[in-house]
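Peer 1: First to last, the sequence lines map onto chains W and G.
Using numbering that gives the first Met the number 0, the letters of the first sequence map in sequence onto residues 0 to 221.
Using numbering that gives the first Met the number 0, the letters of the second sequence map in sequence onto residues 0 to 221.
Derived from the structure by calculation, the hints contain no laboratory data.
Since the structure is predicted, the reported quantities are computational estimates derived from the model, not experimental observations.
All the pointers check out, no bait thrown in.
Remember, identical chains collapse to one label, so a pair may be satisfied in a single copy or spanning two.
Taking lysine to aspartate or glutamate pairs in the EDC-like style, the calculated list, with each CA pair at most 20 Å apart, reads:
no.: 1; residue 1: Lys153; residue 2: Asp9
no.: 2; residue 1: Lys154; residue 2: Asp9
no.: 3; residue 1: Lys74; residue 2: Asp9
no.: 4; residue 1: Lys107; residue 2: Asp41
no.: 5; residue 1: Lys187; residue 2: Glu38
no.: 6; residue 1: Lys182; residue 2: Asp46
These are the residues of each chain, in order.
Number of protein chains: 2
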Amino acid sequence: MYTDRPQYYDSASRLTVVAHFCGVVSIVLLLVWLLHYREGIDYYSGDAFRVFNVHPFLMVFGFIFFSGEAMMAYKTIFATRDVQKFMHMLLHLIAFALGVVGICAVFKYHNMQQVEDMNSLHSWIGIGTISLFGCQWLFGFFTYMIRGASTSTKKRIMPWHITGGRVVLFMAVCSALTGLMQKATFLKLEHEREARFLNFTAVFILLFGVFVDLSVSLAHYV
Amino acid sequence: MYTDRPQYYDSASRLTVVAHFCGVVSIVLLLVWLLHYREGIDYYSGDAFRVFNVHPFLMVFGFIFFSGEAMMAYKTIFATRDVQKFMHMLLHLIAFALGVVGICAVFKYHNMQQVEDMNSLHSWIGIGTISLFGCQWLFGFFTYMIRGASTSTKKRIMPWHITGGRVVLFMAVCSALTGLMQKATFLKLEHEREARFLNFTAVFILLFGVFVDLSVSLAHYV
Numbered sequence: 000m001y002t003d004r005p006q007y008y009d010s011a012s013r014l015t016v017v018a019h020f021c022g023v024v025s026i027v028l029l030l031v032w033l034l035h036y037r038e039g040i041d042y043y044s045g046d047a048f049r050v051f052n053v054h055p056f057l058m059v060f061g062f063i064f065f066s067g068e069a070m071m072a073y074k075t076i077f078a079t080r081d082v083q084k085f086m087h088m089l090l091h092l093i094a095f096a097l098g099v100v101g102i103c104a105v106f107k108y109h110n111m112q113q114v115e116d117m118n119s120l121h122s123w124i125g126i127g128t129i130s131l132f133g134c135q136w137l138f139g140f141f142t143y144m145i146r147g148a149s150t151s152t153k154k155r156i157m158p159w160h161i162t163g164g165r166v167v168l169f170m171a172v173c174s175a176l177t178g179l180m181q182k183a184t185f186l187k188l189e190h191e192r193e194a195r196f197l198n199f200t201a202v203f204i205l206l207f208g209v210f211v212d213l214s215v216s217l218a219h220y221v
Numbered sequence: 000m001y002t003d004r005p006q007y008y009d010s011a012s013r014l015t016v017v018a019h020f021c022g023v024v025s026i027v028l029l030l031v032w033l034l035h036y037r038e039g040i041d042y043y044s045g046d047a048f049r050v051f052n053v054h055p056f057l058m059v060f061g062f063i064f065f066s067g068e069a070m071m072a073y074k075t076i077f078a079t080r081d082v083q084k085f086m087h088m089l090l091h092l093i094a095f096a097l098g099v100v101g102i103c104a105v106f107k108y109h110n111m112q113q114v115e116d117m118n119s120l121h122s123w124i125g126i127g128t129i130s131l132f133g134c135q136w137l138f139g140f141f142t143y144m145i146r147g148a149s150t151s152t153k154k155r156i157m158p159w160h161i162t163g164g165r166v167v168l169f170m171a172v173c174s175a176l177t178g179l180m181q182k183a184t185f186l187k188l189e190h191e192r193e194a195r196f197l198n199f200t201a202v203f204i205l206l207f208g209v210f211v212d213l214s215v216s217l218a219h220y221v
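Assemble the whole structure, with the sequences as input and the hints as a guide.
Peer 2: Printed below as a string of structure tokens:
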């Protein structure tokens with residue numbers, strides 16, 4: 000399918016290296032932030048803030064990082080096309096499952112603190128993102144995995160599948176950045192070292208999204 | 000160039016209608032927010048908040064909306080390719096100029112309020128975005144407008160130009176959303192009508208970015 004323009008495919012594969020780097024850096028920074036600057040991570044803690052911290056961790060490490068890995072699976076996993084496809088589906092499923100647990104954590108926190116749910120812009124974008132993600136996964140599963148559609152239909156729908164997937168990742172990154180922005184403003188971190196630390200974490204999450212996007216786009220380019 | 004797959008080109012053109020709708024709605028909502036709920040818009044006012052409000056207005060109406068229009072110019076302007084190309088360049092230049100004035104407004108506000116600049120995540124992403132936007136514009140201008148590069152080079156670089164442009168729009172939307180999130184958290188709007196109004200404004204800005212992205216991506220798809 001892409002043999003006539005291998006140069007973009009190669010560029011795209013090299014971009015996955017940068018994407019991995021940014022992804023790993025963002026997770027390390029996030030963990031340092033949650034474990035050193037904040038209260039730690041524990042879903043079953045009596046301390047509401049430790050429960051809350053499960054949310055950013057699972058949304059970035061679980062939802063965004065696994066989604067990105069799933070999107071890059073065709074370039075990073077050295078195996079047959081069928082294995083790549085299965086891993087693409089499986090990594091997305093893991094991302095979705097971890098994302099749902101991450102959302103449960105923040106609802107549990109709201110319950111413990113007696114705060115209303117779904118008020119902020121962050122929560123609106125976030126719930127919209129994971130809902131679209133679920134639809135995209137189901138649509139992809141029934142069209143491409145269980146051989147429900149004809150080859151020509153699969154091929155015709157592919158650009159929508161890829162572009163739709165990219166858009167959902169874009170929305171997921173927007174959710175993460177609005178969430179970190181909300182937390183930083185709420186904590187009034189403006190002039191502290193923690194604020195700059197959090198900014199760098201967010202910038203690496205953004206760069207992860209950007210490089211996954213570049214890598215996926217260029218690999219399929221006209 | 001795309002005559003073999005006109006169906007995506009048509010879909011992409013229809014998507015521009017949705018993009019325009021979301022763009023116009025977001026500007027109307029933003030104006031209502033700034034003029035009704037907030038203090039109004041005036042760069043030369045003695046009221047620091049009226050000066051500040053120039054910033055969200057120019058970044059959304061000026062920077063994001065004009066960028067999006069520029070990106071869709073090849074589908075929305077019924078003229079020769081050369082005219083479309085010139086408008087693509089010009090609309091981007093207007094977006095950049097209005098964006099710079101918008102950024103000046105917030106620096107002026109900081110000065111009036113004696114607040115430090117460039118502390119927040121929003122400011123980091125924003126300044127990164129407009130810098131990359133400037134580079135992308137210069138790169139595009141010297142490669143495509145003044146006929147500096149050979150036809151084969153122009154063609155080879157095009158996917159990077161398009162994908163890079165999409166990524167900069169993605170970053171601009173992230174900047175807008177983190178900015179609105181910061182303002183909403185700062186004003187402690189969580190349980191008020193204004194909070195929901197602001198959320199809807201931000202959601203339409205996000206949808207504008209999403210539909211411009213979809214329309215640009217699908218039009219050039221393999």
